[in-house]
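Number of protein chains: 4
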Amino acid sequence: MRNSPCVRQSREPQFRVGILGATGAVGQKFVEILAQHPWFEITALAASARSAGRPYSQAARWIGSTCIPPAVAQMAVSPLEPNLDCDFVFSGLSAQAAGPAERAFAEAGYPVISNAHNYRMHADVPLLIPEINPDHTVLIENQMWSNGGFIVTNPNCSTVGLTCALRPLHDAFGIEALYVTTMQALTGAGYPGVSSLDALANVVPFISGEEEKVSSEPLKILGQVVGHRIEHASVKISAQCTRVPVLEGHLACVSVKLQREASAGEVRLALEEFSSPIATYALPSEPLKLLRVFDDERFPQPRRHVTMDGGMSVGVGRIRPCEVLDVKFVVLVHNTVRGAAGGAVLNAELLVRQGYLCKTIKEMFSVG
Amino acid sequence: MRNSPCVRQSREPQFRVGILGATGAVGQKFVEILAQHPWFEITALAASARSAGRPYSQAARWIGSTCIPPAVAQMAVSPLEPNLDCDFVFSGLSAQAAGPAERAFAEAGYPVISNAHNYRMHADVPLLIPEINPDHTVLIENQMWSNGGFIVTNPNCSTVGLTCALRPLHDAFGIEALYVTTMQALTGAGYPGVSSLDALANVVPFISGEEEKVSSEPLKILGQVVGHRIEHASVKISAQCTRVPVLEGHLACVSVKLQREASAGEVRLALEEFSSPIATYALPSEPLKLLRVFDDERFPQPRRHVTMDGGMSVGVGRIRPCEVLDVKFVVLVHNTVRGAAGGAVLNAELLVRQGYLCKTIKEMFSVG
Amino acid sequence: MRNSPCVRQSREPQFRVGILGATGAVGQKFVEILAQHPWFEITALAASARSAGRPYSQAARWIGSTCIPPAVAQMAVSPLEPNLDCDFVFSGLSAQAAGPAERAFAEAGYPVISNAHNYRMHADVPLLIPEINPDHTVLIENQMWSNGGFIVTNPNCSTVGLTCALRPLHDAFGIEALYVTTMQALTGAGYPGVSSLDALANVVPFISGEEEKVSSEPLKILGQVVGHRIEHASVKISAQCTRVPVLEGHLACVSVKLQREASAGEVRLALEEFSSPIATYALPSEPLKLLRVFDDERFPQPRRHVTMDGGMSVGVGRIRPCEVLDVKFVVLVHNTVRGAAGGAVLNAELLVRQGYLCKTIKEMFSVG
Amino acid sequence: MRNSPCVRQSREPQFRVGILGATGAVGQKFVEILAQHPWFEITALAASARSAGRPYSQAARWIGSTCIPPAVAQMAVSPLEPNLDCDFVFSGLSAQAAGPAERAFAEAGYPVISNAHNYRMHADVPLLIPEINPDHTVLIENQMWSNGGFIVTNPNCSTVGLTCALRPLHDAFGIEALYVTTMQALTGAGYPGVSSLDALANVVPFISGEEEKVSSEPLKILGQVVGHRIEHASVKISAQCTRVPVLEGHLACVSVKLQREASAGEVRLALEEFSSPIATYALPSEPLKLLRVFDDERFPQPRRHVTMDGGMSVGVGRIRPCEVLDVKFVVLVHNTVRGAAGGAVLNAELLVRQGYLCKTIKEMFSVG
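Protein chains in written order, with this note's numbering: chain G, 118 to 485; chain V, 118 to 485; chain H, 118 to 485; chain Z, 118 to 485.
Chain G extracted, bound-state conformation (with noise of 0.2 Å):
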């Protein structure tokens, strides 16, 4: 990830957040993150009454690829109750827990950066992709909670990178419909998630509930802010999603049938020339580049590429025409970081810096 200015990181951390289901999979993917973020300290960890009371190194069965932070390890797990000491939480909580859990802690007050999918579609909690549909912020406003609490949610993990090659070609060409079919990584099921006996020299050609989400989580993103509304994008979108035995890294297959005709090099270069909205945010998890274009028809691929700018941008290649629809193409995105805690602490980013947080922190800190 891009590094914030200098003169940022000099300063002690602006806000105190904790953590929603911080011993689950996503969870640690937030601890690993925000263990060297500049804007964020983490100061609390919560978890199901099974954890609580025990330190986080004990009761998270640490599954990454790096040691637990030394600045957590002993932190104690406090139970999922609305007073935790902190400014704001990203919640990692699995579907079952997040419903009552995330609507204590808005109700409470604290803003909740979710990463679960409970409220995704509800019609006043943005579905956010900071690069993609920043103005989408602006539902915050319509939730109604005491004390200055809300939700924002990141979408599901095959949605993000799917949506991020889609934004540039909706904007110059419209599109109509669109088949994908995923190839989705064993991270993206959590932990101890999906046995290795389904998983080694195998597919699984369905992921339960996965198709739906990919299928309308676009339409809102894609969707445009009218009055305190955000109308849906008009999209037919056709998905088909495996599981394959990968470790990181969710890949797509795409055809997009377009409502203006273009050629494959006119799609390469919308995708090529795409620029960040909030570039001039500096935000400290934005790639310097969202969409990665590869020319090499091997490329991308999950073991490979999934890692580039810390797992922050997205991969695309393979551009050309469909026989079917018009044009095709395959996308790459890391599913636990910019499909998941990443993309949520970027959502948490771009809301410092439109005021949202500071706002209920009692504007501690001054945004443009």
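Hints listed in this document are in silico derivations from the structure and should not be mistaken for laboratory results. Treat the hints with caution; some may be incorrect.
In this list, chains with the same sequence are indistinguishable; a pair is considered to hold if it fits within one copy or across any two.
[To be verified] Listed below are the simulated DSSO-like cross-link pairs for lysine-lysine, each with C-alpha atoms no more than 30 Å apart in a straight line:
#1 K330 <-> K353
#2 K374 <-> K330
#3 K374 <-> K353
#4 K406 <-> K330
Use these hints to put chains V, H and Z onto chain G, whose structure you have.
Frame of chain G; chains V, H and Z shown alone:
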């Protein structure tokens, strides 16, 4: 594979067969399958100059999970010259070698049952799946080689599974267009084939030449015999072929646009009820049922189901409506059995029953 | 597996067998193996309360690469109570369940042929590998259950391969000590067993309880019958057990200190010439040759050789001098066939021939 | 890797380095590591005639998970001739190429810091692990090349981890003999290296030449400088080397016979308390702690822990008594970083501090 009727098993093998490219991956699979065959006995093994003269067990770096059949282990490998002691040959040659060698054998009077792609699209060469287009063998009669030699081919490994599933749909509803994403096994690339550093925990979104084959071969196979030529079917096919870390079994995600409207249930029924037009021939390698329909949405899976029916049937699952085209589903085929050597052996069995092989070997085997 | 003599195949199955723990990974393997067995017919399937009452095809999440045998798919699963309609039972129960359940069945008069480890080291329970210690079945006569019930066990999956290779060396030269490092397959941990995130592209250098079993069980198996007891062999064993991303086949690197000096060539010969003491019994599941010696230094390999002889033989390779002890080599065993269900079935076949099962079922089957 | 003191970072790179065999797997790792190095700047890339003259980004089939560093992507590859524009060279050459090429560079006056095995056991060539035998560099003074050229080597990838763990035990208790089984990663074989059909879901119990290296190299590294020669340590080593489907990280199961009795606890303490004799040099690539002791019996694991300390530390776990020798444990080393390119870079850093590189480049860098 189905056993042939008992009465046949008691006779001596009626055909003496040679294998071209016997030391390669496909050649080894021919050896493995033919070791137990009730009609065919291996009498000649031919390979490149490097292997010629050596005992087969030394010349072939055996990659199978069985041992080299004792009957062939000590057989000397012959050079690729058309003077083999056999009634006809199977060809597992690579594309580079197959062109001139197969032609030379056909010219010298040998029927050549080939797995190579070189002559597949030649107007006078049948591209044959016995249960799908058994009437295409009439093309043999166009081949004007001296001494009764001819060439018959089987399709690309991914094409086979796809086309088997398309046949009943094309017959019942007509197919206008289709989009297919394949996830192909490593054995499809031969040995040593794909480097483990490209394969392990990775997906490679490109296989050289594969998309072209998958896009064109089904049109010939689904075509109609008109006079002595094949009128290709008119179907638009868009293919995206990828390599996944699976050992055996190509999985394909298919979406089809039909000419006549049909529900997913009607499509399922057409697949389920497909019956082989050659069932009465009782070919030893024909599976009891070509198409195995799975209703469990997690199936078919390469590791679990690829060896069904000895690798000769094709699995179809997840039949459901497509939001963009009409209906989508998943297809599984055993790439080295039905998709290569096993398919070629079944082709030879059909030719025996149809009399094309009998003629060349002086009617020593009477057929219905 | 070797076919039994033709005359037997024409008779009806002579034994009606039940499977305890029929829905688990080992239980499924029993179902798969017994579906084709010439002597044994499955008449009862028992499992935990959760499965009881449901048809087997619903109760078992089938993990095999074949389909559920039609003969048992619709059979209702019984609870684990000793009133099953069968002559004897195979037990694929987990360690937690096996203790009380196997005891209850034995007390109720059922012979229990178990794969569980609970009773393996009990002084009166044979720990049996038919080709290695067939005389240990005399311990059955110490078991004083009412009605002729008894328990016979097969060893831990890693122990089996190791001990088969040790037997001829112990007989010829005496074994003083040995050091073994195992690389064990994922199927050894059952289903769901090992998480794919622990398995893929990884080695786990610990398997709970495994080193203790590998260090102690061979001592009993290699022990001598003295009176009605087993005098354990006196061999020091040091084991290091690891889990590797292999589907089937445990590989072990073994180094042995002999009591009498022997060259690697003499050790090789002793292994090569080992002949089964029970060959004349013509047991259906006994392989033609128990020990397969490989001279190619790259072999044996799990993926290539694990299914040799239907998974019932043991591969030995790389026999060479050890710089620290005396001789070292590599051993491969099929962990779910020879090392579990297949081994137990062979145990039952031996018991039939020795008359231990016949007695209990009222002499309906005459043995030599 | 540890950062060097800030004051150094502000200077321009002091050494201009070339890489021999720059396009191969080890060469690429050199490029990756040196791209960020505070002391060394890549000024020359040399490879075989086939690559010479082409831009590096075309000549190298890049296999890393990062992109080619921009600074070298367009650099033209030179032939392997000793006229490169640099102060010294790193050699990632294969064994076939390294013999004559490294000699030619040394004769021409270049210091050669080599990863190849050709000169490792030569009496006048240091086989160097900086924290283990930094005094062995005195051998350089025996090398009588003109112009100050010399050769220094780092050990085989498996040897490195093993020998780091042996050093403190040898110092504290004396080592008499040891038995080691390695489970080695695929990257150890280079690219394309191991075929995926040999690697996936398999173990290959043989790696050509590996056991010889693991049995002999530690004796030299643990040896003592006597006069201007190394007196090799007297330890019997028995090795069994296997290839497993892991991407990076060689795991070794080791059992050691000590000269003086010691408990597992004492052994653990000796490992835990090992302190680097060169810590005061503050070498940029030296890890804070060479030996990381794990007390969780499931650890260390290749996938989880191989990147600890930038791949420069060595993990040790499962320290416990051995029933046959004295104590056994598990060792993990990053085979392409500490075991190859990273180790060589650290060697060069040591040589800078010891003055061996400074001398040759005319004292432009003052050392303590």
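Here is how each hint holds up against the structure:
1. When the C-alpha separation of K330 and K353 is checked against a cutoff of 30 Å, the pair qualifies both within a copy, at 13 Å, and between copies, at 29 Å.
2. With identical chains, the CA atoms of K374 and K330 are at most 30 Å apart both within one copy (20 Å) and between copies (23 Å).
3. Proximity of K374 to K353 under the C-alpha cut-off of 30 Å is found in both arrangements, the shortest distances being 9 Å within a copy and 15 Å between copies.
4. In this assembly of identical chains, the alpha carbons of K406 and K330 lie at most 30 Å apart only when taken from the same copy (26 Å versus 36 Å across copies).
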